[in-house]
Amino acid sequence: MLPHRAAHASRMTSDPAHGVRSSSVTCHYKRAGAAAPIEVLERFRVLAGKRSAGRVLDVGAFRIPDLLEHRHVCYLALVAAAPDVRDAHPDLPMDVVDADLTALPFPDHSFDVVVSRFCLCSTPDPQRAGHEFSRVLRPVGQLVFLEHTRAPGVVGQAQDQAQEILRGARRCRINIEVLAVLQRAGFVVRRADWYWPPTYVRAPLVQGVATHPEPQYERELSWLRNPIRNTGEPLWPGR
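The sequence shown begins at 1 in UniProt numbering and counts up one residue at a time.
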């Protein structure tokens, strides 16, 4: 908490004319009767609390105890938060922002930390959302994430088949490869902890920390993302 700073909470709504709207799809791990294991939620709460400082963008908060970990935060922006979390009044400056994850209404490099909980599955374009997280995060900032993800092997294939059956339904996507999405958005995944539910009916969970790459590696990473020269010749002849 920040006892020496006046607390306030305000609402910000993005202009729908620019295609920015809140998603009505909710991750199945946030629904009653299908909650994520409490030990996973508690581990993530502690991880997010240790990493959060300065200006924090919290996306997808759905439990009031999650806000209590923001002790070293000077400003908090909530996006896609649950109604009871939106109405909470933690002792710090806070804005509740009504915006789509694919078009966040914040300037570039405006947050020290981005916290994301079960969000990529619920947006129509998870890759664009990942790029938005990268855009608003400062060069030395951290993304702290908790998502369900596509499993490798046979389980992942079963998730793909189930997603085809659910295509068009108002449900979150169950086969997003979260780490790949973050890497394509320009992040380097520094930590990834997996949790496998006791039944194959549930998608595995992954939580961790990602950052921007160090400046000295930017050129090397750009070559890896685009291994063809302007002439169309491969960078590695004979391959």
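It is possible that part of the hints are untrue.
If you anchor each label on the Cβ, the simulated ranges turn out as follows [unchecked claim]:
| # | residue 1 | residue 2 | range |
| --- | --- | --- | --- |
| 1 | 107 | 191 | 15 to 21 Å |
| 2 | 164 | 214 | 38 to 44 Å |
| 3 | 191 | 164 | 28 to 34 Å |
| 4 | 39 | 71 | 20 to 26 Å |
| 5 | 191 | 153 | 18 to 24 Å |
| 6 | 91 | 139 | 27 to 33 Å |
| 7 | 103 | 188 | 21 to 27 Å |
| 8 | 91 | 166 | 18 to 24 Å |
| 9 | 53 | 157 | 37 to 43 Å |
| 10 | 54 | 125 | 26 to 32 Å |
| 11 | 165 | 108 | 37 to 43 Å |
To be clear, the hints were calculated from the coordinates, so they are not data collected in a lab. Idealized CB from N, CA, C, for every residue including glycine.
Structure-based check of all given hints:
1. Hint check: residue 107 to residue 191, Cβ distance near 27 Å, so the stated range 15 to 21 Å is violated.
2. For residue 164 and residue 214, the Cβ-Cβ distance of about 40 Å falls inside the hinted range of 38 to 44 Å, so the restraint holds.
3. Distance hint check: the CB atoms of residue 191 and residue 164 are about 32 Å apart, consistent with the given range 28 to 34 Å.
4. As the Cβ distance of residue 39 to residue 71 is approximately 22 Å, the hint placing it in 20 to 26 Å holds.
5. Distance hint check: the CB atoms of residue 191 and residue 153 are about 23 Å apart, consistent with the given range 18 to 24 Å.
6. Range check, residue 91 to residue 139: Cβ separation about 29 Å, and the 27 to 33 Å hint holds.
7. One distance hint, 21 to 27 Å for the beta-carbon pair residue 103 and residue 188, holds here, with the actual separation near 24 Å.
8. Hint check: residue 91 to residue 166, Cβ distance near 42 Å, so the stated range 18 to 24 Å is violated.
9. In this structure the hint that residue 53 and residue 157 lie 37 to 43 Å apart at CB holds, the actual value being about 41 Å.
10. The beta-carbon spacing between residue 54 and residue 125, approximately 28 Å, falls within the hinted interval of 26 to 32 Å.
11. As the Cβ distance of residue 165 to residue 108 is approximately 40 Å, the hint placing it in 37 to 43 Å holds.
In the structure shown, a violation is registered for the earlier hints numbered 1, 8, in ascending order.
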